[in-house]
Amino acid sequence: MARTLAMFTDTSLCIGCRACQVACKQWNELGLEVPDWTGTYQNHTHFTDKTFRLVRFIEEPKPTGDLAWLLMSDVCKHCAEAGCLDACPTGAIYRTEYGTVNINQDVCNGCRYCVSSCPFGVVSFNETTGTAKKCTFCNDRIHNGLGPACAKACPTDSIQFGFRDDLVTKAQKRVETLKAMGFKDAQLYGADSKGFLGGLNAFFLLLSKPSTYSLPEQPKLPQRNVVVDSLLSVGSAIVIGLGALLAFRDREQGDGNA
Amino acid sequence: MLKTPDWELMIVWYFFLGGIAGGAYFTAAIADNFGTVRDRAVARTGYLLSLPLVGMCGMLLIADLGVPRRFLNMLAAFKFWDPMSIGAWMVGVFGLFTFVSSVLSFTSSEKMAALRRKIGLVGLLFGFFLASYTGVLISNSAMPFWSDARLMGALFLASGASTGMAAVSLLMFVTGATAGEGWGKVKKADRFSMIFELLVLAAFLFMLGSAAKPITTGHFAPLFWGGLVAMGLVIPLVLDLVGHRVRALAPIAAVLVLVGGFILRYVVLMSIQA
Amino acid sequence: MTTNLIDLQHSDVIMATSNMAENHPVGFQWVMKAKERGAKFIHVDPRFTRTSAAADIHVPIRSGTNIAFFGGLINYAIQHNLYFRDYVVHYTNASFLIDPEFKTATDGNGLFTGFDAAKGAYDRTSWKYQLDGEGNPKRDLTLRDPHSVFQLMRRHYSRYTLQMVERVCGIPQAKFEEVAKLYCSNSGREKTGTITYALNLTQHTNGVENIRALCMLQLLLGNIGRPGGGVTALRGHANVQGATDLELLYHELPGYMAQPLRDAHPDLTAYMEKETPKGGFWVNKPKFFVSLLKAFYGDAATKDNEYGYQWLPKRAKADAYSHQHIFVDMYNGAIKGFLALGQNPAVGGPNAKLARSAMQRLDWLVVKDIFLTETAEIWKAPGVDPKTVKTEVFFMPAAPAAEKDGSLTNTMRLIQWHERAVTPPGDVTSDAEFVCTLARRLQALYAGSKKERDRGFLAASFKYGDNPKEPEMVEVLKEINGYATEDITDKDGKVVYKKGQPLNTFAHMTDDGKTAGGCWIYTGVTVEGPDGKLVNKANARKPADDKDYLGHGWGFAWPANRRILYNRAAADLAGKPWSEKKKLIWWDAEAPGNEPSKKGKWVGLDVPDFNPFLAPDAKNGDKPFIMRTDLVGGFFGPLNDGPFPEHYEPIESPVRNLLSKQQNNPVAKIWKVPDQQNELAPTGSAEYPYVITTYRLTEHHLSGVMSRYLPMLAELHHSHFTEISHELADELALKNGDMVTVATPRGKIHVRAMVTNRLKPFVIDGKKVHQIGVPWHWGYNGIAELPGSRGDITNDLSATVGDPNVYIQETKAFMCNVKKGVV
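Quick note, the sequences are listed as chains Y, R and V, same order. Numbering follows the numbering used here, with no gaps: position 57 of the first sequence is 57. Numbering follows the numbering used here, with no gaps: position 267 of the second sequence is 267. Numbering follows the numbering used here, with no gaps: position 78 of the third sequence is 78.
No lab work stands behind these hints: they were computed from the structure. Only a predicted model underlies this, so the values are computations on that prediction, with no experimental measurement involved. Don't be surprised by glycine CBs; every beta carbon is placed ideally from N, CA and C. Fair warning: there could be bad hints in the mix.
[To be verified] Computed beta-carbon distance windows for the label pairs:
| no. | chain 1 | residue 1 | chain 2 | residue 2 | range |
| --- | --- | --- | --- | --- | --- |
| 1 | V | His-726 | Y | Tyr-94 | 47 to 55 Å |
| 2 | Y | Lys-170 | V | Asp-329 | 56 to 64 Å |
| 3 | V | Pro-787 | Y | Lys-209 | 34 to 42 Å |
| 4 | Y | Asp-157 | V | Asn-611 | 33 to 41 Å |
| 5 | V | Asn-757 | R | Gly-226 | 40 to 48 Å |
| 6 | V | Asp-492 | Y | Asp-157 | 51 to 59 Å |
| 7 | Y | Pro-61 | V | Asn-611 | 52 to 60 Å |
[Stated by the list, open to error] Distance condition first, Cα-Cα at most 30 Å in a straight line; then the derived DSS-like pairs of lysine-lysine:
| no. | chain 1 | residue 1 | chain 2 | residue 2 |
| --- | --- | --- | --- | --- |
| 8 | Y | Lys-62 | V | Lys-40 |
| 9 | V | Lys-33 | Y | Lys-179 |
| 10 | V | Lys-303 | V | Lys-463 |
| 11 | V | Lys-463 | V | Lys-537 |
| 12 | V | Lys-35 | Y | Lys-152 |
| 13 | Y | Lys-152 | V | Lys-542 |
Chain Y extracted, bound-state conformation:
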């Protein structure tokens, strides 16, 4: 396996220009999507089968009462422990040699288990192709020596592309700098490979707690309870089975109205 690639999205540098969102749509030829009225600049409201990069506009007042507009470019996290990948029954979702997670469109049969298995609500179903869609980490580009289109288009280096270990070091330094500058809630999200989901290959620097950005505080791998749930089912089966067994072994009439 090649060295793991990653995208580091530093929201402290994001200016909400949405060049990433447009570059993504253009490069991946994602097509027209009629937006809903959101009452803000936010469009679309969430990832869809045609929106793989999405800038979030979060208005929240600072403690001083001044308005703050937190801006964040969100994307598929390419989790080291990926719920979608584990859920996929056809093997269409796979991990590339660079550590990214991709959906083979020729294999996906559209069961949508991956959709319900993404802790971030990234994977989306496309009605036209009948398959699941999500950010490919610009698979075609990274296999030809280029970075993802979103990172390329970002004017402020809010989205950085590179080797994961390098980026994590850089990100850690950046958090320290920001903290020294007075951003006391500055924190990394998904950078720690010992943290949740084994670390995210698209990780973030946030200026507020994750939930402010509609991110789960502690995302969990959906498949973590398969064994427990299965054992409890087996227990249930034993009780039911015994009940039925007793009912049928009962030589007396089971019921009075025979």
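Given the structure of chain Y, go ahead and fit chains R and V onto it with the hints provided.
For chains R and V alone, kept in the frame of chain Y given last:
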């Protein structure tokens, strides 16, 4: 900001019919193996009911795919930790069991019957699986409520049993196969299953706490409390206990159990996706 | 702009008065870099925008009160002694003495000396320096003389107090003081700051004075010509700077030389006499002008025929031909035909309804654009019966940048080449090909004409390269750059330039017809390499690095690849950097001079914007502003509306002017248009009670031609909208998303209300004043599947009024009404 898989009515039906098929089959297999000769009608009814149901299950499952013709892609991979993967395999394997058991349920040869009983003993494991795996499948997702419900599989299994037995009982009533003592035993087993289901449901809600809100409060609450708990479980039990001398009440109770089983799958799936 | 965006990273404080993050996001990376280095970032804007989101302080300001704001800062810097005294004394005209007759607006109740109410113009006789016996301006280096520019300026802005700023601009005193302290204290030897602006300052009836006020503040704080300083003018994408340099304008010729006036400039001699100043670098204007005529007319231009001067079109008067003049003239029937190349005035210009009505009266209209714009389908305008429009419209599909070779000059004067990536499909042609083809076909029609006036046009060559159809764009660039029209030899007879060889520098231009050059400031962009081949420096691609942070190896910045203009000011009088931290160029007394016997040269991190061998102690060696006649930065700098910027209310305003009795700019241009096509709301009108400002969004471009037809861009905003504060929404019982009608005396539009915290009402002189914002990207064409890509035309609301210097429109501050629903 999670995304729902849009598993709607087709999957509700699949979950519901899969439960009945599993429940009917293992009821049949238990009756076949542990009951008397006079319980054979139960076994035959159960086997014969499970066969078309599992066929319908397969069709629903395929029809709900984004690319139905790629159904076989499921069989190109086998992931033992993945309920969807195993589930797809098991529907096929279980289908084979129901087919063989159904064919053998017509045999008059005692040798073949013995074979059928042995097959049934193995097949009932797959019946249990089919009735419960759908619960494990959704409880191993990222969806709130579903993923919080550790007893989803257990509950689905109990419901599969109660509805499977109710279906067998109803079918026996309709086909006039109530003569032997089997019908009574099915009803007894069903009663047990329903009581157990109520207990599991209580534990299920207790363990979920506020995570159960999508079904216990709001839009789906009347359906859950009225449709499942009252109409689908408590009333059939009362009917069964109070009116066990009135023959006509039995099929009504069975129908209510079936409706309740459908409502269970409906509220669980739709409350999150609505 | 005087500086370079890369250099913003060295600012200690940056004050954006424009919405830079949204409208110049690529350049904004350097603001983010500066912030990373610890710079403070201030955003002054009526709205809280994506720029404000990145700012340390957001200062909401009522639209149209920028001079009050800058005046307040100037006053603050003077009162608190925060100006850079050494710089101000020596590098500006602060110490110059003005004619004692002259009085500022403080003493003239809003008017400067010389206002002639009958003419609606100033008599500028007293707006001049006192001269000594030798004709040089008198100076008082102590700055104490009451007639000194400094004292006049101090007196002029003494009214611009904290209280006054609060009352006029609606900025609370404490907030203004915080900003003033922060911005003005980053001055002196060790610190610099910069101010960005765009159309937020220009689109006003005092647009030019707005910018002068900004420049004065920068001069006062010693920020011009120094790293991290400068005037950061953010020009439009992608080639507004280039279009200005090459003068796609009504009043100038390429390289910022006046388009001749019929009466003032009857012949070349008169033009040269009147237009060539007595001092500063512009004394070279005859060389640039004759070279330009040679580039136009080639061999036909000779000394005997004034190099073809008489073939140039001449202006009948100064007050004519601007964008706004054209559409009024067109409406009045004076203009019969119109070529709109890459322009969409049906949507994009002020009073767009007037512009559409005007174009619907044309005999013919040619539109060359990349999509079928509203202008291209002028007969489809809402409320118009297509049968009544007799205009014959020709649509010529145009190639966008990726389909053609060429250059773009960006806001930092940086010329960058781009190569054709794909061949244009079908009948699509580049603008250059269209213009050259049209010109050649017109020449064929005029062939044989014996009329003198046609000779120039017939002599002009539209052939670039070997392909008769398609111009070779590098050849066009070479013509702009300039070349020798014949072999040029030095005094020893050695050939310096072969005939046709591109010039290396505009310093080699001559006024004897031996050189030609299409735009003197671009000279040096193409040179001849050692191998005799053309080197296109616009195509140079060596990125900036630690050794050359300004990136001189990337593209070519006019003039002479200088990245920071007036950079002599980065060194003190003796030629030493003001500080180690802020060094840029300095005098190296030991470096070899221009002759073997001499020593000393200006060296450093940029190309000196100065005679590189003029020692600091030589005559004028301490005067950095070489383009000015007096060689110093001008606090006192006569424009049509006054030597110092003075606050006047916008033509439409909610309040009376609190600073003087003079409500509006006394010399502002207000067009009289028939048929009630340009009605104005009176001051404090109850019918139009809300301030409206119009603006752009990151996701869209101008009138939407390059964004409304592209789904990935057009879908990013649901539909046309207006931003409205919660306070106003409550008063009007509006919910977010309701349709509203925005009306002015000129027109009305129906848009969706975006109710937001990002806009707040102002308290102006104790009274609550609401302001709304409306982007102007929408029109009646767009993507069929995306209804939100079409919308009403915001510019139907704005008026045909203009600045008295350049006639730019006032679309940033006027008055409107908002009503719930479509009414």
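(request) Would you list, in rising numerical order, the hints stated earlier that this structure does not obey? (result) none
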